[in-house]
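Trainee: These are the residues of each chain, in order.
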Amino acid sequence: MDWKPVALSAEPRDQSWYEASARARLAGLLDVDTFQEFIGPEQRQMSPHLPLFALPRAFDDGMIVGRGRLDGRDVLVAAQEGRFMGGAFGEIHGAKLVGLLRAALAVKPAAVLILFDTGGVRLQEANAGETAIAEIMRAITQVRAAGIPVVGLIGGRAGCYGGGGLIAGTCAHLVISEGGRLSVSGPEVIETNKGAEEFDSRDRALVWRTMGGKHRRLLGAADAFVADTIGAFREAALAAIPEAPSFDLATLEAEQARLEARLERFGDTRDATEIWGRLGINDPAAVPSLTTEGFDALLDSLPEGSHHAR
Amino acid sequence: MRDKMPLDTLLASLFPAGHAVTVADGLISGEGPLTDGRLAVIGIDGDTALGLEGACFLAGCVLDVVRAGGGRPILVLIDSDSQRMSRRDELLGLNEYLAHLAKALLLADAQGHPTIGLLYGHSAAGAFIATALATRVLAALPGAHPSVMDLPSVARVTKLPLETLQDMARSTSVFAPGLDNMVQTGAVQATLDPGKPLGPQIAALIADSPAVDTRDALGRERGGRPLAHDIAAQVVREAQVVRGAQDRVMREAPGA
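Going line by line, the protein sequences match chains U and Y.
Using this note's numbering, read the first sequence as starting at 1 and increasing by one per residue.
Using this note's numbering, read the second sequence as starting at 311 and increasing by one per residue.
Watch out, some of these pointers could steer you wrong.
[Said to hold, decoys possible] Label pairs and their computed distance ranges (CB to CB): (1) 264/U x 500/Y: 37 to 43 Å; (2) 521/Y x 43/U: 43 to 49 Å; (3) 517/Y x 32/U: 52 to 58 Å; (4) 517/Y x 290/U: 56 to 62 Å; (5) 335/Y x 32/U: 16 to 22 Å; (6) 521/Y x 248/U: 15 to 21 Å; (7) 470/Y x 198/U: 23 to 29 Å; (8) 59/U x 469/Y: 36 to 42 Å; (9) 197/U x 467/Y: 18 to 24 Å; (10) 514/Y x 24/U: 50 to 56 Å; (11) 466/Y x 258/U: 33 to 39 Å; (12) 296/U x 466/Y: 39 to 45 Å.
[Claimed, not checked] Reference excerpt, derived from the structure (chain U facing chain Y, CB under 7 Å, subset only): (13) 96; (14) 166; (15) 184; (16) 282.
[As the list claims (entries may be wrong)] Derived coverage of chain Y by chain U (criterion: at least 3 residues anywhere in the stretch with Cβ under 8 Å from a Cβ of chain U; other residues may be distant): (17) 319-326; (18) 378-386; (19) 477-486.
For the record, the hints were derived by calculation from the structure and aren't laboratory data.
From the three backbone atoms N, C-alpha and C, an ideal C-beta is built for every residue, glycine too.
Assemble the whole structure, with the sequences as input and the hints as a guide.
Mentor: What follows is the structure, given as structure tokens:
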């Protein structure tokens with residue numbers, strides 16, 4: 001019997017994005033040892049509100065912001081830690097991203113990268129989180145209007161839900177992996193409010209094909225689909241920078257046309273497989289099991305052009 | 311709690327000389343005279359949930375105003391539910407439609423069309439972010455009731471008894487629903503006087519609207535968000551410090 005050593009790679013860029021911590025994602029995404037954090041955990045800027053609920057706090061409040069280099073270019077980065085409070089937006093968590101975007105107007109980086117991993121607003125500080133999301137969206141449009149691309153990367157455990165989904169929709173370019181889920185109301189929220197007949201949150205296959213990365217890429221809700229490795233996200237982020245659309249009337253008119261056309265074409269569908277069929281996919285049922293290579297080949301075979309208007 | 315002002319009463323106070331504002335399927339659109347110009351109006355009435363079609367329609371109205379130019383201000387009237395919660399809305403990408411509406415309002419404002427939100431009833435979650443919170447100045451009428459989530463739902467998620475939450479809500483504004491609490495965070499900048507004509511009050515809001523986002527500074531002044539402003543300002547400061555020792559070492563000893 002042949003013994004083959006297990007090919008376990010220690011290379012950071014081969015690691016799973018989904019499994020990695022926010023800090024590990026940043027370390028592998030950026031050029032080696034170039035990340036510098038703003039308001040690092042040593043400053044212990046923790047939520048002033050969680051103690052009211054007798055909940056543990058994190059030194060970084062689940063949001064890591066700073067600067068680094070991407071293939072030699074200066075970028076600003078923000079990463080949410082989905083393992084702390086589901087990556088939810090609280091007062092400090094949100095304010096760090098607001099500050100990063102305001103800083104972008106001053107230091108003019110090559111891009112701002114947002115590594116989403118969030119269930120939405122942190123309910124224990126809901127009003128502060130909701131207001132921060134509005135400030136972030138306004139700041140993103142200002143950064144984009146100044147000619148700086150804002151790129152969202154979605155592939156974390158917590159997905160990108162609630163207000164996080166709206167922030168993502170404000171970015172110029174979105175990269176998503178199969179494990180990334182992008183939505184406003186999550187499966188549990190729909191089920192709690194409208195019943196299991198409307199959405200059975202335990203039906204994982206339904207969740208993935210309604211909100212998951214493959215569907216979002218096919219629909220045009222994300223611009224790039226990547227394998228679940230830190231290196232794949234890095235390559236896609238690099239490719240996104242020169243492609244990001246500007247923020248102006250022409251872009252929003254093109255998005256208006258794109259979203260109206262989507263309603264016209266798919267408004268009567270009930271399931272993602274119907275949409276995929278109408279896109280010209282011969283075997284929609286096979287899409288969820290396609291490898292990244294197989295899915296790339298499928299994308300290349302479709303008549304759809306680029307959806308780039310957001 | 312005070313009753314909310316009905317839309318008819320609101321429009322009559324805003325446009326005593328008449329207007330061309332209509333409501334269909336809970337969606338408000340149209341325009342009317344304001345001082346020496348015209349005011350574009352969009353919005354949501356009747357506690358209506360905001361879904362794909364509504365967001366797309368309202369965004370189209372906003373982009374029409376931007377395309378026409380001329381700096382016409384846009385008033386966003388809000389008495390809505392949350393975002394529409396359904397499998398179909400999420401299947402078709404509701405996050406993009408809501409973000410698109412917010413972006414349309416933010417673009418309009420950036421291109422010289424002052425945007426004013428006026429909350430006269432309920433609003434919540436994604437619908438609130440996509441409309442009222444995407445304006446330059448957000449005002450409210452007494453009786454308005456914004457929320458992120460109602461207390462019974464917060465109780466379910468946080469697993470705390472409702473009575474405990476109700477007690478906590480009396481002493482802290484940061485999580486509890488209601489107009490006063492959104493005023494405290496700085497999200498709602500001003501409360502209007504329903505006893506006086508609304509037109510001049512809206513015109514004054516437009517004239518006094520701040521050029522930059524002052525919501526976190528208001529939240530600090532009012533105590534609802536004690537730290538947000540300072541945290542954001544500190545990030546801006548740290549980002550402007552020139553790269554330090556670490557870089558010098560790398561330059562002097564490449565590969566070390």
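Trainee: Does 52 to 58 Å hold as the CB distance between residue 517/Y and residue 32/U, or does it fail?
Mentor: Given range 52 to 58 Å: holds, Cβ gap about 53 Å.
Trainee: Test coverage of the region 319-326 of chain Y by chain U using CB-CB distances below 8 Å; three residues minimum.
Mentor: violated (count 0)
Trainee: Closer than 7 Å between Cβ atoms is the bar; does residue 166/U clear it against chain Y? Give me holds or violated.
Mentor: holds (5 Å)
Trainee: Okay, residue 521/Y versus residue 43/U on CB: inside 43 to 49 Å?
Mentor: violated (31 Å)
Trainee: So the hint says 50 to 56 Å: do the beta-carbon atoms of residue 514/Y and residue 24/U match that?
Mentor: With Cβ atoms ~52 Å apart, the hint holds.
Trainee: 56 to 62 Å was suggested as the range; check whether the CB atoms of residue 517/Y and residue 290/U agree with it.
Mentor: holds (57 Å)
Trainee: Given residue 184/U as an interface hint, is its Cβ closer than 7 Å to any Cβ of chain Y?
Mentor: Check passed: Cβ of residue 184/U comes within 5 Å of chain Y, closer than 7 Å.
Trainee: Starting from the hint 18 to 24 Å, judge whether the C-beta atoms of residue 197/U and residue 467/Y obey it.
Mentor: Because 22 Å falls inside the window, the suggested range holds.
Trainee: Quick one, is the residue 282/U hint okay against chain Y at 7 Å, beta carbons?
Mentor: violated (21 Å)
Trainee: Should the hint that residue 466/Y and residue 258/U are 33 to 39 Å apart at their CB atoms be regarded as holding?
Mentor: holds (37 Å)
Trainee: Quick check: do three or more residues in the region 378-386 of chain Y have a beta carbon closer than 8 Å to a beta carbon of chain U?
Mentor: violated (count 0)
Trainee: Range hint 16 to 22 Å: satisfied by the CB atoms of residue 335/Y and residue 32/U?
Mentor: violated (55 Å)
Figure legend: structure checked against the earlier numbered hints; hints not met, in rising order: 2, 5, 8, 16, 17, 18.
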